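Undergrad: Sequence:
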Amino acid sequence: MKYTQLGRTGLKVSRLVLGTMNFGPQTDEADSRAIMDAALDAGINFFDTANVYGWGENKGRTETIIGNWFAKGGERRDKVVLATKVYGNMAADGAAWPNHDKLSAVNIRRAVDASLKRLQTDHIDVYQFHHIDRATGFEEIWQAIDVLVQQGKILYAGSSNFPGYKIAQANETAARRGGTIGLVSEQCLYNLFERRAEMEVIPAAQEYGLGVIPWSPLHGGLLGGMIKKEVEGGRRGSGRAADSLADPAVRTKIQAYEDLLDKHGLEPGEAALAWLLTRPGVTGPIVGPRTAGQLESALRAVELELSDELLAGLDEIFPGPGPSPEAFAW
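My numbering puts the sequence shown at residues 1 to 330.
Keep in mind the hints are simulated off the structure, nothing from the lab. Please read these numbers as outputs of a predicted model, since none were measured by experiment. Some clues are possibly wrong.
Quick list of simulated restraints, FRET-style, between CB atoms [claimed, not checked]:
(1) ARG109 - PRO163: 40 to 48 Å
(2) ALA327 - ARG176: 26 to 34 Å
(3) GLU232 - GLY178: 43 to 51 Å
(4) VAL231 - PRO319: 22 to 30 Å
(5) VAL147 - GLN5: 22 to 30 Å
(6) ASP37 - LYS12: 17 to 25 Å
(7) ARG176 - ALA92: 38 to 46 Å
(8) ASP37 - ASP93: 32 to 40 Å
(9) ASN99 - ALA327: 23 to 31 Å
(10) PRO325 - LYS117: 42 to 50 Å
(11) LYS117 - LYS79: 19 to 27 Å
Glycine is no exception: its CB is placed at the ideal position from the N, C-alpha and C atoms.
Build out the structure end to end from the sequences listed, making use of the hints.
TA: Here is the structure:
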């Protein structure tokens, strides 16, 4: 495994991030534990989760699975850089009780304590805001975070799904307060097919020293060889990626992509992850394996070297938006 610093911090994290969203809903606890053991054995030390994972009446279930795994000992917790998230409505169904979601100081304190209990740990390494809260100012948010840092309950704060201007606003507020390190990471939707983050989000993250952690690096499976699997498996896929593939223009792009990688003797999913590892500002993509086999495939991406010819071909199929402001101005 290869490692890098998380943004401007001194924290060393693996170039792949283990995403746990499938633990519980798609992968049972025994298999989830096996995947976490295999990830740790392979050198992945950065695990990502969220308080809402488990979904519906099982919200919090994923954190509980991770906590049970930590409780098995073997230095599991000590070896893991643990990231979780706050924002979502934790009610099993319906609207949240007032102050039981989003980023008020009240909910942040409540949510941290609940996550710590489920995770069976005394601290969270990277506590991430899952979404912007339009009703809560950053002065209040940072006041709450400062208290939690002083209490030793969290070490760093990160963001997820933030636009570039909110990253700037958050860290400028932190700078004015003094003594607050501000955001150190940003999780955003970013992959070969979806490159809009290159226009504003990633430049803002780089300017303020945030490590970029792309989620959905295969765009819901669209970049994982869907057409090839259709041909070999004899049936169409399902879900968001399959709906996208029903668009003839999208299908043409994906076919060109798979043909290009076939020419270079590469697996589509592994190449899509390897491409992200070449991108400026990227700490590492989140991989969310449902099985041990999917984890093994992701691990191979770390060792892939993509040629200049291949990178140029990928850019031709999936051109990015270009730099800002030139992409939309002279």
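Undergrad: With reference to the structure, classify each hint as holding or not holding.
TA: Going through the hints against the structure:
1. ARG109 - PRO163: 40 to 48 Å: 26 Å, violated
2. ALA327 - ARG176: 26 to 34 Å: For ARG176 against ALA327, whose Cβ atoms are near 30 Å apart, the range 26 to 34 Å holds.
3. GLU232 - GLY178: 43 to 51 Å: 59 Å, violated
4. VAL231 - PRO319: 22 to 30 Å: 27 Å, holds
5. VAL147 - GLN5: 22 to 30 Å: With Cβ atoms ~26 Å apart, the hint holds.
6. ASP37 - LYS12: 17 to 25 Å: At 21 Å between Cβs, range holds.
7. ARG176 - ALA92: 38 to 46 Å: 39 Å, holds
8. ASP37 - ASP93: 32 to 40 Å: Taking Cβ atoms as reference, ASP37 and ASP93 lie about 34 Å apart, which means the hint holds.
9. ASN99 - ALA327: 23 to 31 Å: Violated, since ASN99 and ALA327 (Cβ atoms, about 40 Å apart) do not stay within the stated range.
10. PRO325 - LYS117: 42 to 50 Å: 46 Å, holds
11. LYS117 - LYS79: 19 to 27 Å: About 21 Å separates the Cβ atoms of LYS117 and LYS79, which means 19 to 27 Å holds.
In this structure, the earlier hints numbered 1, 3, 9 are contradicted, and the remaining ones agree with it.
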